[in-house]
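Listed below are the residues making up each chain.
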Amino acid sequence: MPEDMIRVEGLSHRFDDLVAVDDVSFHVRPGEVFSFLGPNGAGKSTVINVLTTLLPLQEGRVVIAGFDLRTEPDRVRSAIGIVFQEVTLDRDMTVTETLLFHGRLYGLPRDEVRERAEELVRLVELETKRDVLVKHLSGGMKRRLEIARGLMTRPAVLFLDEPTIGLDPQTRARMWDYLRDVNRDGTTIFLTTHYMDEADRLSDRIAIIDRGRIIAEDTPLDLKNALGRDLVYLETTDNGRARAVLEADPAVTGVREKGPAGLLVTVSEDGTRVVPRLLDALRESGVVIDGLNIKKPSMDDVFIHHTGRALRDEGAESFAAAVGRRR
Amino acid sequence: MDRRFLAIYWRDMLRYVRFRTLLLSSLVQPALWLAFFGIAMSSSFDAIGTQVPSGPGIPQVGYLTFMCAGVISMTTLFTSLFGGMSLLFDKNWGLLREVMAAPMPRSNIVLGMGLSGITKSCIQAGIILAFGLLLGVRFFDGYSPLRLAMAVGGIFAFVSVFALGFVFLSSAIAISMESPEGMQGIMTLLTMPIFFASNALYPVEAFPEALRLLSMANPLSHMVTGIRYFAIGPEFSAIGRTFVCSSTDLFVSFGALCLFSTLTFLFALHRVRVARVT
Chain A
1 MPEDMIRVEG LSHRFDDLVA VDDVSFHVRP GEVFSFLGPN GAGKSTVINV LTTLLPLQEG
61 RVVIAGFDLR TEPDRVRSAI GIVFQEVTLD RDMTVTETLL FHGRLYGLPR DEVRERAEEL
121 VRLVELETKR DVLVKHLSGG MKRRLEIARG LMTRPAVLFL DEPTIGLDPQ TRARMWDYLR
181 DVNRDGTTIF LTTHYMDEAD RLSDRIAIID RGRIIAEDTP LDLKNALGRD LVYLETTDNG
241 RARAVLEADP AVTGVREKGP AGLLVTVSED GTRVVPRLLD ALRESGVVID GLNIKKPSMD
301 DVFIHHTGRA LRDEGAESFA AAVGRRR
Chain B
1 MDRRFLAIYW RDMLRYVRFR TLLLSSLVQP ALWLAFFGIA MSSSFDAIGT QVPSGPGIPQ
61 VGYLTFMCAG VISMTTLFTS LFGGMSLLFD KNWGLLREVM AAPMPRSNIV LGMGLSGITK
121 SCIQAGIILA FGLLLGVRFF DGYSPLRLAM AVGGIFAFVS VFALGFVFLS SAIAISMESP
181 EGMQGIMTLL TMPIFFASNA LYPVEAFPEA LRLLSMANPL SHMVTGIRYF AIGPEFSAIG
241 RTFVCSSTDL FVSFGALCLF STLTFLFALH RVRVARVT
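In order, the protein sequence lines correspond to chains A and B.
Going by our numbering, the first residue of the first sequence is number 1, and it counts up by one from there.
Going by our numbering, the first residue of the second sequence is number 1, and it counts up by one from there.
To be clear, the hints were calculated from the coordinates, so they are not data collected in a lab.
All residues carry an ideal CB built from backbone N, CA and C; glycine is no exception.
Warning: the hint list may mix true and false statements.
Okay, the calculated beta carbon distance ranges per label pair [claimed, not checked]: (1) B:Gly-182 - A:Arg-114: 37 to 43 Å; (2) A:Glu-125 - B:Ser-25: 35 to 41 Å; (3) A:Trp-176 - B:Phe-89: 31 to 37 Å; (4) B:Leu-263 - A:Asp-177: 49 to 55 Å; (5) A:Trp-176 - B:Phe-19: 35 to 41 Å.
Given only the sequences and the hints, what does the whole structure look like? Please build it.
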């Protein structure tokens, strides 16, 4: 077993003049779920396309499951499973046929293909749909079939590009369960997502990618903890004076404006203890407080902290742009 | 031996039998050609043809028999030219990403497509032959069983090599194109001259020089020559002329088809190798 399942050093990728991926390095340990989190257009899909050999490796070094991507692309291909961002199924093939085709494409022995297909149909709970054409499956079932297909060859790493895009909340939650099962069985998982909750709940480690660069990389917990233990949201009559008072407190690690009237305060100690003290200090200096809220930092906050922008808005915007382009 | 091209073949054939209407129309359409165009034309041509007596010992055949080889060729041409189309659909909406990410030499894709092209074309050719004989096409007239078997084998050999050439060409175009509409346009543009600048429906000897040369370089003409050689004989007369095809002519024609499909294979292989599907 290689020490790192995926090792990427200095990966860059250009489309003509556009630098889509800019000197990215990271590594994924065997058995991990590793997520690339970032807005649409951040370079996530480009990275996954290079790692899965669909795009040529332009610059940098990539080793997957012990094989060098540049010199042994076919060995890499044999070692990985892929679930693409768009549905990549033949609408006019049945569930079983889809799996058999994949097994044959990879040159698996005939008996093994049948056996494995049967096993995976059960894993993703499509037993009653074996001989149903793909076009009659729901979106969630198609996704599950694609995951099953990705696992046909017992890959060491499963790559998933936006695995739950376009699925409803319940289906997404079930998809996560399947992925956790797959991971528990020993498959390393690399996924890209622009959903905070997805990265947060599924991953052992997350790399936040923005504009082709990794801007933070850690466990979900540590990424959030880096922001402090709690976030305190305040609305006051005099935010300028309030800021000066707050910044004087040793437990306050950051003060940012949020919205038209609010301040977002990061504290390094338990909020329940710090807030009364802060309120006293504010009152003493004559600042009147209109509103207050304490919460744990979320992945959203982490993203805003690192990029200065909200991921959700931008994601929605570029998604709308992408849809517009397609039409 | 690498047999993964069989996966591509299996899947393409699966689609072929799955689309019932498409399958049916692909089988019925050539029969309709033979029934309507063939019978209509033969009733006019044969009126002229029979006025000219053929030489002694040279079998004389009607127009229906003459043009049947053309219908087989035309059908094979259409089927094969559209045979690669599924690559374009797969590239835009389907499985090509999965196929391209598989640890398999790209030649498997081209070979798989070629094999399914051969299968489809041979099925169609068989049906036209059978239907033609029913309609009164005088193929294999007075053949011994052995000669019949060889003749049928020879026809399928020509059909196969010809089909390969055009499936490869079509695959190469399909994988390079972005839209099915564009592909449709190119195909329409190709089929017209290939079919009409050939000896499929009429003799080429009376063509203007340029058109005659074009028809001699046309794979379809070589295909038709081969089928007529095996189905009617090396020498026969039809529409008031005598047609002679020596065994050298036959080998030249077969060689030309082999060369054509080798070139298109290399072209397709190149296009598939440089194709990026993301």
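Does the structure break any of the earlier hints, and which numbers would those be? none
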